[in-house]
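Student: Sequence:
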Amino acid sequence: MGPVYAAAVILNDSINKKLLKDSKSLTKDKREELYKYIKENSIWAIGQASIKEIEKINILHASLLAMKRAILKLKKKPSLVLIDGNKLPNLKNYNLKYVIKGDQKISSISAASIIAKVSRDKFITKLSKEFNGYGWDTNSGYGTKEHLKAIKKFGVTKYHRKTFSPICDLL
Numbered sequence: 001m002g003p004v005y006a007a008a009v010i011l012n013d014s015i016n017k018k019l020l021k022d023s024k025s026l027t028k029d030k031r032e033e034l035y036k037y038i039k040e041n042s043i044w045a046i047g048q049a050s051i052k053e054i055e056k057i058n059i060l061h062a063s064l065l066a067m068k069r070a071i072l073k074l075k076k077k078p079s080l081v082l083i084d085g086n087k088l089p090n091l092k093n094y095n096l097k098y099v100i101k102g103d104q105k106i107s108s109i110s111a112a113s114i115i116a117k118v119s120r121d122k123f124i125t126k127l128s129k130e131f132n133g134y135g136w137d138t139n140s141g142y143g144t145k146e147h148l149k150a151i152k153k154f155g156v157t158k159y160h161r162k163t164f165s166p167i168c169d170l171l
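This note's numbering applies: residue 1 is where the sequence shown begins, and numbers increase by one.
Everything labelled a hint here was simulated from the structure, so no lab data went into it. Treat the hints with care, as some may be off.
Said to hold, decoys possible - Across the chosen pairs, the derived CB separations fall in these ranges:
| hint | residue 1 | residue 2 | range |
| --- | --- | --- | --- |
| 1 | Y98 | D137 | 31 to 37 Å |
| 2 | K30 | D137 | 14 to 20 Å |
| 3 | K17 | I167 | 36 to 42 Å |
| 4 | E33 | L91 | 30 to 36 Å |
| 5 | G133 | K56 | 38 to 44 Å |
| 6 | K158 | L72 | 25 to 31 Å |
| 7 | K153 | I57 | 28 to 34 Å |
| 8 | L19 | L148 | 32 to 38 Å |
As the list claims (entries may be wrong) - As a list, the in silico DSSO-like pairs of lysine-lysine whose alpha-carbon atoms are at most 30 Å apart:
| hint | residue 1 | residue 2 |
| --- | --- | --- |
| 9 | K52 | K97 |
| 10 | K122 | K17 |
| 11 | K105 | K77 |
| 12 | K68 | K24 |
| 13 | K56 | K153 |
| 14 | K73 | K39 |
| 15 | K56 | K36 |
| 16 | K76 | K97 |
| 17 | K76 | K105 |
In this text, a Cβ means the ideal position worked out from N, Cα and C, and glycines have one as well.
Let the sequences and hints guide you as you build the complete structure.
Tutor: Dropping the structure here:
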C-alpha cells in the first residue's frame, strides 16, 4: 500500500553502531527512538517510488528506483554504497555493492532500513486519519484480516496498489 520508500544513510563516526539493528527486529517505539538518533547523527536521505511507478515497472524495479533517488539526494557522495539484497540500482559513477541480508549485517544498512520504515509508517499513520476504518494506524497498510475486511466494506482507495494480490483479486 502506498509508495515504496528507501533510505540512504552515511553514519557519523560517533554513532553507536551496536544500537542499530534490522528494522523488522525492533519494536515500533525502539524504531522511532533510533529514527531520531540516526537523523541527528548521520547524513541521510529518503527516496520514494509512487504507486503508478510500482504498477508500471513492478515492485522490485520501483524499490531500486527509490534507492537510486535516496542515494542521489544525499548531501555527500559516499565512497561506497552498500545495498541490501541481491540487486543494484542503475547508478553511474558510484561504487555499489549488494549485501544479502545486509539489514542484519551492516549498521548503515540497518540505519537505512529504520529511516525508511519509520518514514513510511508516518505517512501511513497520517493517511489513517483521512481514511478511517482501514486500521492503517495499527496495520501500517499491510494485508491483515482487518484491512482486507475494510477493503471489502469501504472499497479500494487511490493509495492501494491495485496490481497486488489480494487487491487485484477483489477488483
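Student: Hint by hint, note whether the structure agrees.
Tutor: Status of the hints after comparison with the structure:
Checked against the given bound of 31 to 37 Å, the beta carbons of Y98 and D137, roughly 34 Å apart, stay inside it. A hinted range of 14 to 20 Å for the beta carbons of K30 and D137 is consistent with their spacing of about 18 Å. A beta carbon spacing of about 39 Å between K17 and I167 agrees with the range 36 to 42 Å that was offered as a hint. Taking the beta carbon of each, E33 and L91 are about 31 Å apart, inside 30 to 36 Å as hinted.
Range check, G133 to K56: about 29 Å between beta-carbon atoms, so the 38 to 44 Å window is missed. Between K158 and L72 the beta carbons are some 27 Å apart, a value that agrees with the proposed interval 25 to 31 Å. Evaluation of the 28 to 34 Å hint for K153 and I57 yields a pass: the beta carbon distance comes to about 31 Å. The hinted range of 32 to 38 Å is satisfied by L19 and L148, whose Cβ atoms lie roughly 36 Å apart.
Taking the CA atoms of K52 and K97, the gap is near 28 Å; set against the 30 Å cutoff, the hint holds. Restraint check: the Cα-Cα separation between K122 and K17 comes to about 24 Å, which is no more than 30 Å; the hinted pair holds. Restraint check for K105 and K77: the C-alpha separation of about 22 Å stays at or below 30 Å, so the hint holds. Straight-line distance between C-alpha atoms of K68 and K24 comes to about 22 Å, which keeps the hinted pair within the 30 Å bound.
The suggested pairing of K56 with K153 holds, with an alpha-carbon distance near 27 Å, which does not exceed 30 Å. Simply put, K73 and K39 have alpha-carbon atoms about 15 Å apart, close enough for the 30 Å limit, and the pair holds. Restraint check for K56 and K36: not satisfied, since their Cα atoms lie roughly 34 Å apart, outside the 30 Å limit. For the hint linking K76 to K97, the alpha-carbon distance of about 18 Å falls within 30 Å, and the restraint holds.
Distance check on the hinted pair: K76 and K105 sit about 23 Å apart at the alpha-carbon level, within 30 Å; holds.
Violated hints, listed in ascending order, are 5, 15; each of the other numbered hints is respected by the structure.
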